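Participant: Let's have the full structure, built from the sequences with the hints guiding it.
For reference, the chains in residue letters:
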Amino acid sequence: MIKTQQLVKNFVSYKKKPGIMGSIESLWKREAVTKNAVERFDLEIPSGQIVGLLGPNGAGKTTLMKMFTGIIVPSSGEVEVLGHKPFDRDKDFRRKIALVMGQKSQLWWDIPAMDSLHLIKAYYEISDADFKERVELMAELLNVEELLHIHVRRLSLGERMKLELMASLLHKPEILFLDEPTIGLDLIAQDAIRDFIKSYHAKYKPTVILTSHYMQDVQALCSRLVLIMGGKKSFDGPIGEFERLLGSDKIVSFNFSSEPSRDFFNAFQPKWSDNGLQVEIAISKEELCPFCAKVLEQFEVSDFQTEKLPIERIMKELMMRPELLNDR
Amino acid sequence: MNTIKHYLEIYRNFVATSTAEALSFRLNFLMITIVDTFFLISTLGSAYVLFSHVETIGPWNRDQLLFFLCFMLAVDDFQNLFVTNNFWMLSSDLKEGNLDYVFLKPVKSLFPLFFKYLRIASLGSVVSTIILLIYFGLRLDFELLQWALLPLLLLLALTLRSLIEMAIALLMFWTTEGTGINFIRLQLQSVSRWPDFIYKGLAKKALLTLVPVLLIGSAPLRFLFDFEQWQMLALLIVLCFVFFFVVRTMWTGAKYRYESASS
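Line by line, the protein sequences give chains A and B.
The end of the first sequence is residue 328 by the numbering used here, with every number in the run present.
The end of the second sequence is residue 1263 by the numbering used here, with every number in the run present.
Don't read these hints as lab results, they were simulated from the structure.
Keep in mind that a hint or two might mislead.
[Unchecked claim] Subject to a maximum C-alpha distance of 25 Å in a straight line, what follows is the list of computed PhoX-like cross-link-like pairs (lysine-lysine): (1) K1095/B - K29/A; (2) K250/A - K285/A; (3) K1095/B - K17/A; (4) K91/A - K1108/B.
Remember, predicted model here, so these are calculated numbers, not experimental data.
Facilitator: Rendered as structure tokens:
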């Protein structure tokens, strides 16, 4: 379905010294800076999977997506998607893929979305009956029936993103590339987008490649994660394995009504709040239940919780200390 | 669906989306119509002022020159209607990475690149220019064959102008910033608004061959006024093919240069 071998993309930009003199000097003297956005990247994604591409800003996620879709040309290496070389931009290939970008729009800004959808219908030669059925189905799922005839510039970001998704799925692509589809959205809108993608995938089984900085997206949708750091693949595997990347300890936090004895927690790398009424510890799976029972028995616990999104913590730690990946 | 039908259906939707967009801003629509009308009046007014001092300019009398000016204005207006907005949008689309979606659509990317945006507000100007063109044609006592050839010659002129400007606009894939490129386009348009015989020497040769903007109006009208002057028209037709291949070749290089934009 998607296969890359030693894929590389370099971008060349220029350094400019600040101020007018720097601008004048840049007329004849420019220092070229080559950035390796993607380096010797190998990947294989079979049909029907939802794969999350994770990494900090500038890691190369979007560059990869653009090479997968044929928007930009790789500097070297091989990429094959659905048996096509994306940059050949074969029309059949383009009919089989869709790309949604959270920061760009394919809908015309100054007209209602329905006019743009009709244009997309013409591009993909969708029959009247299919168009009507798909628009009705997706509009209902996304709850946007009333928004189709309103000028796009009048819509909220969340509403626009729902319509972007509709526009991208109208031709029923076999692969859907989602580049930060929930960026900037409120929690309700994020949930709506995630639920829609989940139910769309359950119904039509497209392959989905998702990039997002929101770990809730990844947790809710992806079965497999690919981590990119500095253009290189640093991890590729199931989400459960990623959660155990830096050890299998669970993170538990307790809130107390009165300050407990700190010595009791010392064995578990405790992190105390300033007022001493909250502690966070890392504890092995085996020790978790007996230790929690002891704490509940011995201290006045007002609340306690186990970590909801371990991948968020792991991502944060890896972004701050990428060298941890070398120690694996 | 066959290819031509497919492209025509897409074009029908370009017209629909551009119309919807243009009519969303009624005052802007009105202002463009007024500015176009002023341009028409000032161009023809300048010619009237000139002819209040002289009888002829080169071999042409007042009605012939006014017919030429109306012909060129018609080429301008049709180009404004069908293509020009795309040249203006290209630079920002390139810099902001908005061509991503153009490259994803299952059609030849040059088609949406240069035909996606129509300037519907130019319709009024097209109509008034055509009326004036017919008026000056009547004053020149055109015969039936001349009237029949006029739309074809207009189409040829429009084709050459658009192909030259597409080739120039594609340079934006190398320069990224399009202000300079658009300035060159506008200057060449100004040059082409006068008949070839007012230019002399090397400049004239270059403007008839290398950047053949003088052919756009002069070639069709020299032929229309005198069927024996067909040589320039033949050159115009040949250059249409040449520029078609220039555009295609440049496009092959241009699409490799597209690097989108960071998001």
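Participant: Taking the earlier hints as the rules, which of them does this structure contradict?
Facilitator: Of the numbered hints given earlier, the structure breaks none, since each of them holds.
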